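Each protein sequence line maps, in turn, to chains A and F. Oh and the first sequence: position 87 is 87 in the working numbering, straight run, nothing missing. Oh and the second sequence: position 102 is 102 in the working numbering, straight run, nothing missing.
The reader is advised that the hints may include incorrect statements.
As the list claims (entries may be wrong) - List of simulated lysine to aspartate or glutamate pairs, EDC-like, C-alpha gap at most 20 Å:
#1 F/Lys26 <-> F/Asp97
#2 F/Lys26 <-> F/Glu55
#3 F/Lys122 <-> A/Asp39
#4 F/Lys122 <-> F/Glu41
#5 F/Lys122 <-> A/Asp60
#6 F/Lys121 <-> F/Asp97
#7 F/Lys26 <-> A/Asp39
#8 F/Lys121 <-> A/Asp39
#9 F/Lys66 <-> F/Asp98
#10 F/Lys122 <-> A/Glu51
#11 A/Lys45 <-> F/Glu133
#12 F/Lys36 <-> F/Glu118
#13 F/Lys66 <-> F/Glu55
#14 A/Lys37 <-> F/Asp45
#15 F/Lys26 <-> A/Glu51
#16 F/Lys26 <-> A/Glu62
#17 A/Lys49 <-> A/Asp39
#18 A/Lys37 <-> F/Glu118
#19 F/Lys66 <-> F/Asp38
#20 F/Lys121 <-> A/Glu62
#21 A/Lys75 <-> F/Glu118
Claimed, not checked - From the derived model, a few chain A residues whose C-beta atoms are all more than 12 Å from chain F:
#22 Leu25
#23 Ile29
#24 Leu34
#25 Glu51
#26 Ala57
#27 Ser78
#28 Gly90
#29 Thr91
#30 Val113
#31 Lys127
#32 Ser140
Calculated directly from the structure, the hints in this document are not laboratory data. Only a predicted model underlies this, so the values are computations on that prediction, with no experimental measurement involved. C-beta atoms are modelled at their ideal positions from N, C-alpha and C, and glycine is treated no differently.
Here is what each chain is made of, one letter per residue.
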Amino acid sequence: MKKIGIILLLVLATSVAYSQETPYLQLTIRDNFLTQKIDFLEGPKVLSKLEIQQLMASVDSETQDLYRRSMNQGKLNSVFAIGGLATTVGTLVYVISPRQQSSTASNLIWPLVITNTAFGILSGVFKRNARNLAREAVDSYNFGRTDAPVYFEENRVDISLFSKVIRF
Amino acid sequence: MPKIFLLLLFFGMLIELKAQGIVTFKENIFNNNRFKIDGQEAKADEVARLMTNFESSQKNFVEGHKQMRIGSGILILGTGVLLAGLINFGFSNGTQDDVNTYILITSLGVGTGVIGREIRKKGKNRVETAVSEYNYLNSRTDINQLSFQVSPAKFGLRFNF
Numbered sequence: 001m002k003k004i005g006i007i008l009l010l011v012l013a014t015s016v017a018y019s020q021e022t023p024y025l026q027l028t029i030r031d032n033f034l035t036q037k038i039d040f041l042e043g044p045k046v047l048s049k050l051e052i053q054q055l056m057a058s059v060d061s062e063t064q065d066l067y068r069r070s071m072n073q074g075k076l077n078s079v080f081a082i083g084g085l086a087t088t089v090g091t092l093v094y095v096i097s098p099r100q101q102s103s104t105a106s107n108l109i110w111p112l113v114i115t116n117t118a119f120g121i122l123s124g125v126f127k128r129n130a131r132n133l134a135r136e137a138v139d140s141y142n143f144g145r146t147d148a149p150v151y152f153e154e155n156r157v158d159i160s161l162f163s164k165v166i167r168f
Numbered sequence: 001m002p003k004i005f006l007l008l009l010f011f012g013m014l015i016e017l018k019a020q021g022i023v024t025f026k027e028n029i030f031n032n033n034r035f036k037i038d039g040q041e042a043k044a045d046e047v048a049r050l051m052t053n054f055e056s057s058q059k060n061f062v063e064g065h066k067q068m069r070i071g072s073g074i075l076i077l078g079t080g081v082l083l084a085g086l087i088n089f090g091f092s093n094g095t096q097d098d099v100n101t102y103i104l105i106t107s108l109g110v111g112t113g114v115i116g117r118e119i120r121k122k123g124k125n126r127v128e129t130a131v132s133e134y135n136y137l138n139s140r141t142d143i144n145q146l147s148f149q150v151s152p153a154k155f156g157l158r159f160n161f
């Protein structure tokens, strides 16, 4: 009986030690001229894309999927940001350039302005989505999913029937 | 009794328990952070209260949050000034004087807006760093704590030492 106890304790101790070795990911998000740069940090080290993918894949496919979606949203953000810049430049050129006195040309300003606004809004939406998804992926990697959707209340496994914490 | 204890130990070892009190957040449509504690919606005050044991994180969180709100206020003020300038210009006759006033008001509004945005960004970064720091400390170094937990899927005892 004692032996088993000691063995169990040893296994527990090693498992605790093992569980503390898993890396802890952090995010830093900086704004660029057009888009944003999302860095995944492990301690002071900035992880490469491949390393992040490997880490995410080591947890579960959902985490990997979150990361992939975040990257996709980032790509969409860049597309719309570049489109927005192009329309801004177009509008400026159109306003500054010497105008020919024809009614067809002057109709071009409103489409340009509206496209510019739409691109700006869409770019902002995708930018935020990319950030949110990257955060979700990191949280999912670090702690497991904390806000998984609940489809069947009675099947929830994360509610404690009994929980007691003793601090000393 | 020792048998039960051992059994508990065994299950605790088999099943990894989730750390408690994890703060996550998501940005809403105004790019403001909406916090969640263990998946439950929570206000910033509650998050700050949760961080009581980690003073530097709590300080950064509270001050960053305040900074962010001040920055947002200045940003809204700047936008208001811009709009006011535009409306003022719209009702004017469009003489050279009016154009000059418009340019003056607009540059004032843009300046205020940029300052507000920078303050807000700084505060937001501080809040996010504080949350990340807190989560790390909370999940890794909650020393001197012994927790029992029984649930349909997880059942066990956790030691942190």
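Results for each hint:
1. F/Lys26 <-> F/Asp97: Distance ~47 Å between F/Lys26 and F/Asp97 Cα, so the pair is violated.
2. F/Lys26 <-> F/Glu55: At roughly 23 Å apart (the allowed maximum being 20 Å), F/Glu55 and F/Lys26 break the hint.
3. F/Lys122 <-> A/Asp39: Status holds; Cα separation ~17 Å.
4. F/Lys122 <-> F/Glu41: violated (24 Å)
5. F/Lys122 <-> A/Asp60: violated (34 Å)
6. F/Lys121 <-> F/Asp97: Judged against 20 Å, a Cα distance of about 36 Å means the pair is violated.
7. F/Lys26 <-> A/Asp39: With Cα atoms ~17 Å apart, F/Lys26 and A/Asp39 stay inside 20 Å; holds.
8. F/Lys121 <-> A/Asp39: At roughly 17 Å apart (the allowed maximum being 20 Å), A/Asp39 and F/Lys121 satisfy the hint.
9. F/Lys66 <-> F/Asp98: Distance of about 38 Å is beyond 20 Å: violated.
10. F/Lys122 <-> A/Glu51: Cα-Cα ~29 Å, so violated.
11. A/Lys45 <-> F/Glu133: Distance of about 16 Å is within 20 Å: holds.
12. F/Lys36 <-> F/Glu118: Not satisfied, since the Cα-Cα distance of roughly 26 Å exceeds 20 Å.
13. F/Lys66 <-> F/Glu55: holds (16 Å)
14. A/Lys37 <-> F/Asp45: violated (30 Å)
15. F/Lys26 <-> A/Glu51: violated (25 Å)
16. F/Lys26 <-> A/Glu62: holds (18 Å)
17. A/Lys49 <-> A/Asp39: Since the Cα atoms of A/Lys49 and A/Asp39 sit roughly 10 Å apart, the hinted pair holds (cutoff 20 Å).
18. A/Lys37 <-> F/Glu118: holds (17 Å)
19. F/Lys66 <-> F/Asp38: violated (24 Å)
20. F/Lys121 <-> A/Glu62: violated (30 Å)
21. A/Lys75 <-> F/Glu118: The given pair, whose Cα atoms are some 25 Å apart, is violated under the 20 Å limit.
22. Leu25: violated (9 Å)
23. Ile29: violated (8 Å)
24. Leu34: holds (16 Å)
25. Glu51: The assertion about A/Glu51 holds, with a minimum of 19 Å to chain F.
26. Ala57: Consistent with the label, A/Ala57 stays out of reach of chain F, its closest Cβ about 19 Å off (over 12 Å).
27. Ser78: holds (18 Å)
28. Gly90: holds (22 Å)
29. Thr91: holds (17 Å)
30. Val113: holds (14 Å)
31. Lys127: violated (9 Å)
32. Ser140: violated (9 Å)
When held up to the earlier numbered hints, the structure conflicts with 1, 2, 4, 5, 6, 9, 10, 12, 14, 15, 19, 20, 21, 22, 23, 31 and 32 and fits the remainder.
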